[in-house]
Structures are given as C-alpha cells and as structure tokens.
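Order-wise, the sequence lines are chains A and B.
Numbered as in the numbering used here, the first sequence ends at 200 without a single skipped number.
Numbered as in the numbering used here, the second sequence ends at 226 without a single skipped number.
You may find that some hints are simply not true.
Dumping the calculated PhoX-like pairs for lysine-lysine here, alpha-carbon to alpha-carbon at most 25 Å [claimed, not checked]:
1. Lys128/B - Lys155/B
2. Lys193/A - Lys133/A
3. Lys133/A - Lys159/B
4. Lys128/B - Lys77/B
5. Lys155/B - Lys84/B
6. Lys77/B - Lys125/B
7. Lys128/B - Lys133/A
8. Lys143/A - Lys193/A
9. Lys84/B - Lys125/B
10. Lys125/B - Lys159/B
11. Lys143/A - Lys159/B
12. Lys193/A - Lys159/B
Just a sample of chain B residues kept apart from chain A, beta carbon distances all over 10 Å, derived [as the list claims (entries may be wrong)]:
13. Asp46
14. Thr83
15. Ser98
16. Ala101
17. Lys125
18. Leu129
19. Asn136
20. Asp165
21. Leu172
22. Asp178
23. Ala211
By construction, these hints were calculated from the structure, which means they are not laboratory data.
From the three backbone atoms N, C-alpha and C, an ideal C-beta is built for every residue, glycine too.
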Amino acid sequence: MSAEFDITETLDVKGASCPMPVVKTKAAVDDLDAGAVLEVLATDSGSMSDIDGWAAGTSGVELLEQAEGDGVYKHYVRVTE
Amino acid sequence: MSTDTQDAAVDDAPSRAELATRVEQLEEQLAEARTESEDDTQKMSIIATKGTLDMAYPPLILASTAAAFGYEVTVFHTFWGLDILHEERSKHLKLSSVGNPNMPIPNALAALPGMDRMTTKMMAKRIDDNDTATIEELIETSLDMGVEFQACQMTIELMDYDEDDFYDGVTTGVGAATAIQDMAEADIQLLV
Numbered sequence: 120m121s122a123e124f125d126i127t128e129t130l131d132v133k134g135a136s137c138p139m140p141v142v143k144t145k146a147a148v149d150d151l152d153a154g155a156v157l158e159v160l161a162t163d164s165g166s167m168s169d170i171d172g173w174a175a176g177t178s179g180v181e182l183l184e185q186a187e188g189d190g191v192y193k194h195y196v197r198v199t200e
Numbered sequence: 035m036s037t038d039t040q041d042a043a044v045d046d047a048p049s050r051a052e053l054a055t056r057v058e059q060l061e062e063q064l065a066e067a068r069t070e071s072e073d074d075t076q077k078m079s080i081i082a083t084k085g086t087l088d089m090a091y092p093p094l095i096l097a098s099t100a101a102a103f104g105y106e107v108t109v110f111h112t113f114w115g116l117d118i119l120h121e122e123r124s125k126h127l128k129l130s131s132v133g134n135p136n137m138p139i140p141n142a143l144a145a146l147p148g149m150d151r152m153t154t155k156m157m158a159k160r161i162d163d164n165d166t167a168t169i170e171e172l173i174e175t176s177l178d179m180g181v182e183f184q185a186c187q188m189t190i191e192l193m194d195y196d197e198d199d200f201y202d203g204v205t206t207g208v209g210a211a212t213a214i215q216d217m218a219e220a221d222i223q224l225l226v
C-alpha cells in the first residue's frame, strides 16, 4: 500500500452489492472533513468501475488509489472540500 | 483574376486587434456561463410505473446512485409503481412468470396457479444469496440521501390506498403537473 497518505477512516462494505458500495461511500465522505482519506473495503467487483466513475463525476472527492487482493477491492478516496 | 477584389475583402475584414478584443469578450462570456452552470445542482427525474419485484429495482438503484453523485432526485410513482412506496406491499412485490421469456418456465406452465409465488421465491432467494439490497433498504437509504419520492394522488385514490400506507417521508398530494415540472428542470429524465 502507498505511504503517500494516511487513512483517516475505514468503511467496510464487504458483502454489499451495487449500488450500496457507492452510496455508502458517499454517506461516509459527507461525515469527513477536507483532507481526510477514506478507505473503502468491498467484495463487489463492480465497485472498481463504480467508485472510479463516482469519484470522477462528483465534486469534493478525489480517488487516490484502487487495489485488489484476496477477493477484496480497496479504494482510497480523499475529501477535497 | 483582379487584385482589386482581394484588396476589398481585406479592407472589410476586422483587424487583428478587433479580433483579439472579440475573442477576449467571448472567453469572458464562456467563463461566466461555466460558473453559472456549475452553481446549478444537477437534477434527475424518474417516473416509476411498474410494481413487480424486478421492475422496482432500477428506479431505486438509479435514484440512490444519482443522489451519491450529488444530484437532486425526484421519483414520481404512479399506477403499479405506487406499490414500491407502499410500506406493506413493497415487502411482497411479485415476479410474473407469465410473458417473461427470461424465466426458465414455459408460458403454458407459468400460467398455472402458484407459479408466480414460486418464481418470486426463486428471485427472493437469489437476492438474499447475493446480498443484493432489499427494496426496503434501498428506499430507506435513498430517503436518507435526500431522494424525494412522490406518490401520485390520482392513483392513490384509484387503488384505494391511504396516505398513511406509504413510507415516512414520501410526498403525497402531487400530480402529473409536478412531474412535468421536475422533468423540465432535470438533466436526466427516465420512465421506468
């Protein structure tokens, strides 16, 4: 994992499928301050494309990194405003 | 070919300085237009008309996802779409086994009594096995995210439903004019 950022909070949405990973990520991001980094753990393979698309189309968030391993898809989202 | 014509054309053309000024003006206008459109929240308007289990999902999934993107979302429920908002009926939405070529049952058998119950059970089990959100979860989540669910007043009366039958937070007392107004202002309009 990258050492370029510190994780502020982790959201575990393992087991949940579309649209919940994106919807719960949005809800979690709304509770965080600017600069915070949210780690999202999902088992839904569609979350790779969905969270990427969501971050690109939503203001105030930036997708830092996505990683896959052991059936878990990890997403790192920074709150920018 | 005469050189006079060419000279005349050059004389009529705007000077480089004039063009530069014009470009500057247009750039300013473009910047203004961009700022204005960025200030405006994007909107989505969905009309939900179906009340079968399979057709209840698309409007709810799209509504909650659009809300996650920051869209202001309204879903106008009319006819069988009302059942999605009906607290009791939404928990017992059925799947039709007749007229659905995707079902692994021939129509002649699908029409037999009890078949809808069987296909609905099959689907409900799949939803459960896959950890797909239930209709109730999607409605509660969407409401939390600010989605406005509207129940068409005319069909509430037609179906003999009561306003208290719907989930808390559902807007009643609205009609087609409200839906049209939402659609006119929306960036995305869908009929499901």
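Structure-based check of each hint:
no. : hint                : result
1   : Lys128/B - Lys155/B : holds, 9 Å
2   : Lys193/A - Lys133/A : holds, 10 Å
3   : Lys133/A - Lys159/B : holds, 19 Å
4   : Lys128/B - Lys77/B  : violated, 31 Å
5   : Lys155/B - Lys84/B  : holds, 19 Å
6   : Lys77/B - Lys125/B  : violated, 29 Å
7   : Lys128/B - Lys133/A : violated, 28 Å
8   : Lys143/A - Lys193/A : holds, 14 Å
9   : Lys84/B - Lys125/B  : holds, 15 Å
10  : Lys125/B - Lys159/B : holds, 14 Å
11  : Lys143/A - Lys159/B : holds, 24 Å
12  : Lys193/A - Lys159/B : violated, 28 Å
13  : Asp46               : holds, 46 Å
14  : Thr83               : holds, 21 Å
15  : Ser98               : violated, 5 Å
16  : Ala101              : violated, 8 Å
17  : Lys125              : holds, 19 Å
18  : Leu129              : holds, 19 Å
19  : Asn136              : holds, 19 Å
20  : Asp165              : violated, 5 Å
21  : Leu172              : violated, 8 Å
22  : Asp178              : violated, 7 Å
23  : Ala211              : holds, 30 Å
Hints 4, 6, 7, 12, 15, 16, 20, 21, 22 from the earlier list are contradicted by this structure; the remaining hints agree with it.
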